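J.: Sequence:
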Amino acid sequence: MELVKTIEELAAPPALPTQQEPDAKLSEAALAKPILVAEDNRINQALLLRLLKGFGFTMIDVAANGKEAVDMVKAGPSAYGFILMDTSMPVMAGGGGYKTDP
Numbered sequence: 010m011e012l013v014k015t016i017e018e019l020a021a022p023p024a025l026p027t028q029q030e031p032d033a034k035l036s037e038a039a040l041a042k043p044i045l046v047a048e049d050n051r052i053n054q055a056l057l058l059r060l061l062k063g064f065g066f067t068m069i070d071v072a073a074n075g076k077e078a079v080d081m082v083k084a085g086p087s088a089y090g091f092i093l094m095d096t097s098m099p100v101m102a103g104g105g106g107y108k109t110d111p
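Here the sequence shown stands for residues 10 to 111, numbered as in this note's numbering.
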């Protein structure tokens, strides 16, 4: 019986953590400013939000295209600590967005 239990434990997939602990390497200063995510695909948006929240980021804004992202940056140019932009989006892609002078 003990052998069967051991085999079952070894064969079972490892349990996934329910929530990641924030990365200890990220400083409070990095976490203090909001992040802007420019992504047109809703699945990718959800994935990025989940990953960023898992790293401890709580202030995350989402733009559906590069033009929205540029407009958001122009509204508060020093507001964002990080900007993540998709390189292929409608209206304005990431390449056009990062070349725009806010």
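Some hints here could point you the wrong way.
Claimed, not checked - What follows is a list of derived Cβ distance ranges for each label pair:
no.: 1; residue 1: A55; residue 2: E18; range: 11 to 21 Å
no.: 2; residue 1: A38; residue 2: E18; range: 38 to 48 Å
no.: 3; residue 1: E18; residue 2: T96; range: 39 to 49 Å
Unchecked claim - Dumping the calculated BS3-like pairs for lysine-lysine here, alpha-carbon to alpha-carbon at most 25 Å:
no.: 4; residue 1: K42; residue 2: K76
no.: 5; residue 1: K62; residue 2: K42
no.: 6; residue 1: K42; residue 2: K83
Calculated directly from the structure, the hints in this document are not laboratory data.
If you're wondering where the values come from, they're calculated on a predicted model, not measured in any experiment.
Even for Gly, the Cβ is constructed at its ideal location relative to N, Cα and C.
J.: Of the hints stated earlier, which fail here?
T.: Hint 1 contradicted; others consistent.
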